[in-house]
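Note that the working numbering has the sequence shown beginning at 255, numbered continuously upward.
Take every hint as true, because none was put in to throw you off.
Here are the computed lysine to aspartate or glutamate pairs in the EDC-like style, where the Cα-Cα straight-line distance is at most 20 Å: (1) K448 x D492; (2) K568 x D614; (3) K1050 x D900.
Keep in mind that the hints were calculated from the coordinates and are not lab data.
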Amino acid sequence: PGRYAVRELQPTGYFQGGQRAGSGGGDDSQVDLITSINVGSDQHLVDYDFCELPPSILSGYVHADPDQDCVFDASETPLQGVKVELLDSAGKVIATTTTDATGYYKFEGLAPGSYTVRETQPDGYFHGGQVAGSKGGDDSQADRISSIVIGAGETLVNYNFCELPPSSLSGYVHTDVDRDCVFDANESPIAGVKIELLDVNGNVVATTTTDAKGFYQFTNLTPGQYAVRETQPDGYFDGGQVAGSKGGDASGSNRITTIPVGSGETLVEYNFCELPPSSLSGFIYSDVDQDCEFDPGESPLGGVTVELLDSTGKVIATTTTDDDGFYTFTNLAPGKYTVRETQPDGYFDGGQVAGSHGGDASVTNHISAIDIGPGQTLVDYDFCELPPSSLSGFVHTDLDQDCVYDANESPIEGVKIELLDSNGDVIATTTTDANGFYKFDGLAPGTYAVRETQPVGLFHGGQRAGSKGGDDSSADLITAINVGAGETLIDYNFCEFPPSSLSGMVHTDIDNDCVLDANERPIAGVTVELLDASGNVIATTLTDAEGRYEFTNLRPGTYSVREIQPAGYFDGGDPTGRAIGGAAALTQNGGLLGGQLDGGLDNVGGSTDNDQHSGIAIRPGQRHVDYNFCEIPPASLAGRVFQDGDVLQTPDGLAPADLRSVRDGKFTSDDKPIAGVTLELRNGINGDPIDSSQALPGYYADGNIRVVTDANGNYEFLGLPPGNYAVYQIHPDSYADGLDTPGTTNGIAINPSDNVDQQIVRRLSQDPADDAIILIPLGAGQRSAENNFSEILVEKTPSIPPTPIPPNYLPPRGSTPTGGVPGLSTPQVGSPNMTIPVPSSVGGGGMRGYTWHLSVVNAGNPRGEVGANFGGAVVLQPAAFLSPQDWALAQMQTGQWTLVSDDAENGPKSKRFHFGMPGAIPISGDFNGDGLEEIGVFYQGRWFVDLNGNGRWDEEDLWAKLGGKDDLPVTGDWDGDGKDDIGTFGPEWSGDARAIAVEPGLPDPFNMRVARPKNFPPKPADAPDELRLLKRSAKGSPRADVIDHVFRYGTDGDIPVAGDWNGDGISTIGIFRNGKWHLDMDGDGQWSRADVIVYFGEPGDRPVVGDFNGDGIDEIGFFRAGQWTLDIDGDRELTAHDRVFQYGDAHDLPIVGDWDGDGVDEPGLYREVRQHGDHQARN
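Make a model of the complete structure from these sequences and hints.
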């Protein structure tokens, strides 16, 4: 008794059918297993049965099917070795076989189910079809029968695949002498001819060439409609084509179309026949006796071009005659032709003769209507030509005016001579050679004329008819010259008169004597006009580098010369010149050919007016010289307006009476220039204002002459005539009058504490009020410098007035932001313990000098230069945290960065790095030019830049030394190379003054300063004493370089900023203080008219700069305890288009950069956190 189970082992060759619990019950739900059979004592349980399914068979044939009915007929061929696959209902191949010698295949041992059989198309056959067999199925798809449902123990047959045997098509290509397109015994096969087979759509499906017997064949063709196309063989002409054994359309040229091809057929005799070519030849020769027969003694003409034209007049071939005058055209098709000769140079047409097969020779240089059959040879199609004549003469100077070429007269080279026919048309042109000789060769008999183009620099004298006469009554022309065949005509001459000249000089005249002294200079580029006797301008020239001008090639007459007053000068005197008599032979261009000048000096200068010499009588061959114009160079007067020393403190806040005891009025490095001060130029003796009309044009607007000091306090009056001047200053607001000093040419300064001669003062038309320098003498071209006005600032002791705060254009602190950045949240970080110091004062007394130091680093290889190599230990020694040996940095994990980028598909994303040490200031920039911003920190003059952008300090990063503990960092692209560079703003360095004196500014297109090239580093003598140190990567070579740019822009308490304010690719500088921005728009590094002031922010805000809208121009913004305000529309005012959002808090420092390379800058945060055990970056 007990509970039992029975299990069947599946019998081989059968498929599981099921199981059934018998008389005592049980669980028969599992395959091949009956369980839970309870057997009692003395029980006999029966009928515990297992049932099995017998396997099935599927078979068929693969056979050729010429009649295309897909029935395996007795005459059709079985195909052996064809691969057949069996697929289950999931489309998986479960068995593979190949057909035997009878084409039979079979799959055995199949379980019930749905199957597919698939045939692999046999090589050499085309698909014919397939037939579902005894139990049906889906035979609609090529090479497969699917949906075959098989039960248990079934035998399925005749699942057959039928294939189509290929066909062939062939023919010949042959010559066809008798033009019947039948391949006769005496006609030749043509080998190597390209034949193409085309399908019914005209697509080329096969290509072959004919063999040595002219035979071609295409095999393995599927049933269908075809065409064969011949490529016309070289050297033959199309004779036709014949459709072969199954017909087709042979009406086209070189093709037979509409050829029906069945299965297993052989189509023959699809032939192409070709016609052999013909030839035509003749001679071209000189025909001395003009009978157009090639006689002995007459010369053949080689190199003559002959063209062959078809019946439509189209040129189909071109050749040239050989040394025997022979030409031939071969490979001609039957037809009507013309031969045309190109008239040979140097010969004239004598006629033409039709040759052996006739033709029309009535048209010059043509033989037409030549009928040519196949295989013919036509000869003696000749052209005869006539020899030419010549005509020559000379062009020469004619000193004695008899137009006879005497021994003392000179040839004239380069003169243009034209030959005219009897209609007056120019038929040839030449120029005279070095001997004045000209010649026209190759003339046909006829009546001619020769015409001279008057040579430049000479004047018409006459002309003389030569050896065969003619009419020489017209100027520069000899007509009615009768020329025969083969004649030589000489001495058809033209004679010319030599020219005169007039010259002088334009020069400066400092001493007003109109003589060029050693300290005076010529003036180049001045316009001088030559006028005829009627006052008409007939020539204009410019003075050369030596101030000289000259008018040459002048015919006799009365002239004037007039100078156009040169810009930048005042008119001086105009002395009369002199004439040197005599004539010499000249070239066509007016140069001396030789001979001596005769005669002497002739004072026939004429009269002199302002800027003009008039009435100059010029005779033939004379040189008039020294007709000079002298000019007075302008003077200039310059100086400076400056604050003399620091702020003076007095008990009453007024300037001390004895000012000279505390100030000297001399400009020194501790003085401050005053920009925007107006100064007026006046008469130095009577103090009257000077109108701008008394200066050179273009320097001043209409009215009294005034200038304004620039950012360096400098002023300058330019374009002044000699005289005695005074400078009156319009006193600048907020300043007390200091000590004014006369400059380098002396003068008298009117100061409060000085005793000035009252007679001098009384002559002045206006009281200068202690703000004038008078009696400043200026000579011609003289510069008076250092005419300086000093001012002082005075305040009460000790009270210091509070600094006014600029108007507040922004919402007050604590106001609700106008918008947010969806998805941005401030990450929770450790306790902050570092900030960038933000100055709390605007400035005042006791300022120290503050300067900018900008350095091009170019990703560690500035401008490709090799810097001074001081050795790694020397360069890296100042880096307190950096180990030169292993490039390791201690405490580099205390600076936490959180950077935000805006993904257009997934929204804003942030990433976090740890990069920085205690007390470091974060910086960012695209330092390697890849379009992504890299991060870095600045610590007491040391720069640590994550150059490879992986968020950690490693051996591929960049280290630099620029600045010190009192400096603030700034980054920007100073040279426009697409890579950001570094800079500092802080206390002035040793040597900054000399660097600023020659500083050209940044290479911004709007920077007009000219000192030295703006995009090259300065010479060491013009740079500060301190160098910028640099080392790229742990294995890189250390280097030291001079500072590229030094500016004085801003002072203690200002926060430096930099940006591309105008979109030109150059970053320029700016400063921020208490919400007020000063932006250096033109990049000159100094406050100028082009710069702007913007109010955007409040005291205590931190400025941010970036391209927040992707327009290529940087916008401004500020960060206030986690609230960002960005000037998105770039108008530098807070408008509805701008963005105000919360990101971060008061413990964070803002940082800006293009973190994802999309061209738009995004926000970021930096704060100090507690040290992590992991020193590497965390993303």
